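Could you put together the complete structure from these sequences and hints?
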Amino acid sequence: MPRFLEAIEDVFGATLFYYAVSPLLKIAAALVVVLTLIAYLTLAERKILGFLQVRVGPNRVGPWGLFQPIADVAKLLVKEDIVPQQAIKWAFVLGPCLVVGPALVILAVIPFGPSADVTGGMGWHIADVNVGLLFVLAMATIGVYGLILGGWGSNSKFSLLGGLRSAAQMISYEVPQGLALVVPLLMAGTMSLNGIVEAQHEQGVWFVFKYLPLGLAAFFVYFVAGVAET
Numbered sequence: 012m013p014r015f016l017e018a019i020e021d022v023f024g025a026t027l028f029y030y031a032v033s034p035l036l037k038i039a040a041a042l043v044v045v046l047t048l049i050a051y052l053t054l055a056e057r058k059i060l061g062f063l064q065v066r067v068g069p070n071r072v073g074p075w076g077l078f079q080p081i082a083d084v085a086k087l088l089v090k091e092d093i094v095p096q097q098a099i100k101w102a103f104v105l106g107p108c109l110v111v112g113p114a115l116v117i118l119a120v121i122p123f124g125p126s127a128d129v130t131g132g133m134g135w136h137i138a139d140v141n142v143g144l145l146f147v148l149a150m151a152t153i154g155v156y157g158l159i160l161g162g163w164g165s166n167s168k169f170s171l172l173g174g175l176r177s178a179a180q181m182i183s184y185e186v187p188q189g190l191a192l193v194v195p196l197l198m199a200g201t202m203s204l205n206g207i208v209e210a211q212h213e214q215g216v217w218f219v220f221k222y223l224p225l226g227l228a229a230f231f232v233y234f235v236a237g238v239a240e241t
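Quick note on our numbering: the sequence shown kicks off at 12 and runs consecutively.
These aren't lab readings, by the way, just hints derived from the structure by calculation.
PhoX-like mimics (lysine-lysine), calculated; alpha carbons at most 25 Å apart, straight line: (1) K86 x K58; (2) K100 x K168; (3) K100 x K86; (4) K100 x K90.
Simulated DEER-style distance windows between Cβ atoms: (5) L196 x T241: 19 to 29 Å; (6) P224 x F78: 36 to 46 Å; (7) V142 x G237: 14 to 24 Å; (8) L196 x P95: 41 to 51 Å; (9) I81 x V193: 34 to 44 Å; (10) A149 x V232: 12 to 22 Å; (11) V193 x V238: 18 to 28 Å; (12) D139 x V193: 14 to 24 Å.
Note that the coordinates shown come from a computational prediction; the quantities given were computed from them, not determined experimentally.
In this text, a Cβ means the ideal position worked out from N, Cα and C, and glycines have one as well.
This is the structure we're talking about:
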């Protein structure tokens, strides 16, 4: 265990560190890394679009516009939260939360490294769920309810129709996604994401290239469905 984690464990005690402090530290680290990555992928997209359209792109904040995501976050935090007068407020607010929240919760079961005793005896994951694959599918499905609830909460028939259309699109793509995930499940013999990663390590091959073309076809189907769904 790194020394700074040992120091934190000495302060809080082994039990409290294992069950509370260590998970909170890993949740904070995962959110910081993922949200920062999303912000700069957005910046990269805007830069690439600018290049393709023969224009400069974001270049006002920081050198070469590298601090543009920070400015975008600051602008987002100070913007007024406008709720239409005729809207059902609780549903209008809860809808986006049901879309974003489950997507972030999925990070809890994703292993970011080996499951060795490196962070308070819990490994480089927040939670080792024995049905992690099913958990990912379940959390991804909750976003459908957020779309419908947001469309209904706006109290507009056009928004409701748009929400239902988007929900139908997401549900239709979840079917091939679920079928594609059956392939690594059968190869590893477990629904735990940690178990699937460890099985690939023990067998010495990424499942995409095992039993060709089955693994490659499943990867392609899941990738296309995931991109189309979002």
